[in-house]
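Peer 1: Using the sequences and the hints, build the whole thing.
Just so you know, the protein sequences line up as chains A and B, in that order. Numbering follows my numbering, in which position 323 of the first sequence is assigned residue number 323; successive positions increment by one, without gaps. Numbering follows my numbering, in which position 69 of the second sequence is assigned residue number 69; successive positions increment by one, without gaps.
In case anyone wonders, no lab produced these hints; they're calculated from the structure. Among these hints, one or two may not hold up.
[What the hints assert, rightly or not] Lysine to aspartate or glutamate pairs mimicking EDC-like chemistry, simulated, CA-CA at most 16 Å apart:
1. A:3 <-> A:168
2. B:75 <-> A:279
3. A:250 <-> A:182
4. B:61 <-> A:283
5. A:154 <-> A:49
6. A:661 <-> A:344
7. B:75 <-> A:283
8. A:197 <-> A:224
9. A:572 <-> A:582
10. B:61 <-> A:279
11. A:581 <-> A:625
12. A:572 <-> A:585
13. B:37 <-> A:253
14. A:240 <-> A:215
15. A:573 <-> A:585
[Stated by the list, open to error] Some chain B residues close to chain A (C-beta under 7 Å, calculated; not the full set):
16. 68
17. 71
18. 83
[Stated by the list, open to error] Anything over 10 Å on all C-beta distances counts as not near chain B; from chain A, calculated:
19. 132
20. 136
21. 302
22. 348
23. 483
24. 679
Ideal Cβ positions, reconstructed from N, Cα and C, are used throughout, including at glycine.
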Amino acid sequence: MKKERFLVALAGQQNAGKTTTYNMLTGANQHVANYPGVTVDKKVGVYRENGFTYEVVDLPGTYSLTSFSMEERVSRDFLIHEEPDLVVNVLDATALRRSLYFTFQVLEMGLPVTVAINMMDVAEQQGIKIDVGELSRQLGIDVIATVSRKRKGKNALKASIQKNVTAEERGNVPQIDYKTMEEHIKALQSRLEEDVKLASLYPSRWLAIKLLENDAEAIRIVNERHFSGEQIIAESITRKKEFEEACGLKTEDFIVSCRDQRAGEIEAACLQRTEKSGDSISERIDRFILYRPLAPLFLIGTVCLIYYLSIIQGYNLTPYLWTWLAKFKVFVADILPQHGMLEDPLITSIGLWMVDSANALLIYIPIFTILFALIAILEDSGYMARIAFILDRILNSFGLHGQSTLPFILGGVFASGCAVPGIMATKGIPDERSRLATILTVPYMNCMAKIPLYTLLVSIYFKDNASWAMFFIGTVTIIMAMIIAKFLTSTILRGREISPFIMEMPNYHMPTLFGVTQRTVERLWEYIKKVGSIVLAVSICVFSLLQFPGLSDEKMAVYETQMNKALVQFQKKIAKSSYAKDFSEESAVLSLLNYYDDYKSERMNNAGAKGAAAVDEKYKEKRPDHFVLLKPKKNKDAKIINRAIRKLSGKRKVLRGKIRKERIQSSFFGMIGRSLEPITQFAGFDWKTNIALISSFAARESSVATMGVLYQEGADENLKLEERMSKETMGSEKDGEHHHGLQALHALALIIFFALYPPCLATTIMVKVQTGSYKWMLFSILFPSALGLCVASAVFTIGTTFALNGVTMMKGFYVFVLAVAILIAIVHKIRTERLSARQALTLQGEKL
Amino acid sequence: MFGFRGSRKKRRGQCAGQAVNYKNMLDIPIGESAIIKQHHSSGAIRQRMLDLGFVPGRNVKVLRVATLGCPIELKISGYCVTLRRTEARMIEVK
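Peer 2: Right, dumping it as structure tokens:
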């Protein structure tokens with residue numbers, strides 16, 4: 001039978017455009033950036049052509065195929081064990097010589113290879129001309145020129161793939177000549193081939209070379225699989241020693257230099273470099289942007305610009321969206337069954353609850369759209385790597401890595417992000433200790449789900465200092481994260497493996513509109529999906545936990561009598577009017593009441609004469625008989641009804657509010673929230689806050705949604721939550737009574753706790769995936785909870801003891817945190833100096 | 001610009017100049033080039049440097065230093081690579 005399905009592996013070095021090539025071939029929709037190390041997952045895509053199916057696997061981008069890093073092992077294991085029908089090796093045309101090292105390694109593994117030499121356009125701009133035909137002759141395999149970003153060379157590459165997967169025989173691929181080492185390779189090779197089974201699994205020449213390179217994985221393979229493994233390893237060690245003594249070079253270095261020499265020969269044969277006058281564009285831009293005194297200014301400027309465009313300008317757009325969302329709520333309310341006199345049908349309550357929860361989150365779409373687009377531009381342009389370059393020194397002081405920048409930015413350093421993609425992006429960090437520290441500190445960033453609560457609290461309690469308060473939140477979270485990272489890396493993460501900061505600086509690219517839009521839509525869609533699934537599911541749970549067990553029958557009866565009293569009064573008042581007979585039935589009164597309330601709330605949403613007229617028109621059309629009663633004008637009887645219904649509506653609203661509040665107080669969540677009050681009171685959290693915080697573990701977004709319900713007063717008038725919460729606070733301040741609302745100090749403690757609060761459910765799952773252990777997942781929940789509560793309690797208690805207001809306390813806390821951070825940085829500097837002095841001395845000692 | 005070069009040299013004296021007895025990457029002023037002689041690092045660092053084309057005999061140019069003095073950016077056969085000072089010190093040059 002003829003084979004119809006082929007496995008094609010895409011392999012190559014980082015930044016060679018492997019992922020764009022993958023997209024070009026399979027048309028898949030995925031993340032591409034020129035920040036080193038974005039592609040780490042095993043991505044599989046499929047395309048069909050001429051009746052054949054090609055399964056394309058995008059391997060992690062690695063510089064080499066040794067076993068030093070996880071990505072390299074992943075790639076290598078795939079190439080060895082899955083035996084792809086073809087390896088498409090993507091080369092960077094601007095760094096041909098270096099790219100060829102990788103090609104040699106794949107060829108050494110005895111795999112069929114086609115080379116896609118990518119970024120030919122950039123190479124041309126740099127004055128590099130590559131003779132593709134000659135390169136193909138030199139390597140003995142197919143070489144296709146591509147510009148995958150512009151989808152050039154797609155058909156040629158596909159044709160070559162088809163030709164090569166079906167090829168019966170491979171052409172003669174010249175081996176690299178390892179000169180004086182060849183005898184050792186050949187000797188080991190023949191020893192290895194004694195075991196036929198092993199030889200069928202692994203190419204013996206590759207294994208022999210790896211043994212001489214002292215590769216841990218190869219040693220393990222031979223040890224486990226070969227019947228006389230130990231002897232061979234011993235032999236390889238003596239041979240290695242023998243060679244090193246004769247040649248004066250380490251075998252690893254010798255192997256690399258042989259490869260480099262061959263790569264140099266190939267380069268000389270097929271590459272022409274016309275020296276362009278002056279430096280490349282990237283170089284000229286960097287001379288300015290990375291100029292030592294200016295670099296931080298550009299960085300701060302970029303951050304400010306992003307903040308301004310996404311948060312400030314984005315927030316200005318929210319009112320427009322809000323009108324639409326309010327309309328949506330009215331639309332849903334119209335479909336659902338009518339409100340009851342005091343209690344609503346369950347379906348109506350749940351329906352409206354879900355709409356409210358969703359709306360509270362969808363309102364932030366303008367902000368995220370702008371933010372995601374800007375981050376995509378940052379990634380695609382190549383500036384993200386420069387940020388890592390500028391910040392590495394600082395991050396390193398706190399036990400992190402320059403490449404922690406991307407996770408932190410995705411997690412929301414600037415203003416808002418999401419910890420889930422942030423933690424996913426930590427895969428690119430080669431340093432195990434920094435990677436874990438980054439995973440555990442990314443959740444402290446201001447993820448977009450935290451922002452709603454922050455903006456809410458700030459707009460109520462720090463109204464006069466709103467921009468300063470947002471600045472405080474934005475910066476204090478990163479400073480606290482740094483301190484925590486330092487704490488973690490110098491305590492529990494101390495023994496973890498560390499690795500160097502060696503990063504290739506990508507060239508600047510002009511971000512394409514298509515690429516940026518694609519990524520923005522993708523991330524936005526992720527957010528909306530989250531709202532649609534997790535958050536709505538959680539909102540139903542929260543709803544039930546807030547509604548049940550509900551009020552006792554006796555209590556309900558009390559409210560019902562009160563309502564009936566009001567109804568009787570209503571009837572009395574309207575008895576004389578000509579409309580009295582129309583409202584003798586309670587259902588008729590209820591319908592008018594709902595009509596009246598709906599009208600009022602809709603008018604509230606449509607300010608201005610034009611909007612008001614439209615609402616009038618709509619309601620007139622809906623129930624002309626009721627509309628007369630809303631706008632009685634000179635109709636005396638209608639006026640009587642109007643006055644009476646207004647009073648009745650007011651009374652009903654008060655009763656409903658009381659019932660709702662009481663129901664929440666006696667609900668399951670109310671019980672939990674209350675039982676936690678003895679602990680959380682030190683941080684100034686009352687049971688309402690507790691409830692919101694508990695519900696926010698499942699998804700942080702819920703905190704605002706829950707708050708929205710807990711602060712119900714005014715909800716019927718479609719006031720925004722900000723207005724409702726401030727109304728409640730102000731209202732109770734006016735009454736001078738002890739209230740359950742919040743004050744600036746409460747708000748500050750809440751902000752700090754929320755900043756340190758454990759990651760949401762989705763994030764903790766991601767922590768488990770990325771660290772591979774439940775231990776870390778549990779740690780990522782417990783540690784922040786305890787820490788957050790301690791810090792918030794400290795802030796609140798100090799604040800109340802010294803009667804400081806929220807703003808003073810905010811400043812004080814900021815100064816304290818900053819001082820701790822600076823101290824850590826100074827200590828780090830002194831320590832590394834000592835360390836490098838010691839290192840230098842030992843080095844000298846060795847030499848002597 | 002020149003002032004900065006001067007101050008960098010001074011800092012080198014404090015921070016990393018604990019004279020290693022070989023000429024290393026940190027001894028090369030910004031804008032100048034040198035030829036790699038050998039690596040004093042080992043393991044993953046060494047492998048990564050070799051992969052990136054830091055092969056003995058190759059010419060490397062020091063492009064710039066980050067604002068805080070570390071890491072440094074080097075240019076080698078047409079592309080740019082950044083290294084921390086601790087790693088740069090391990091490259092012996094001539």
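Peer 1: Which hints from the list above does the structure break, by number from lowest to highest?
Peer 2: none
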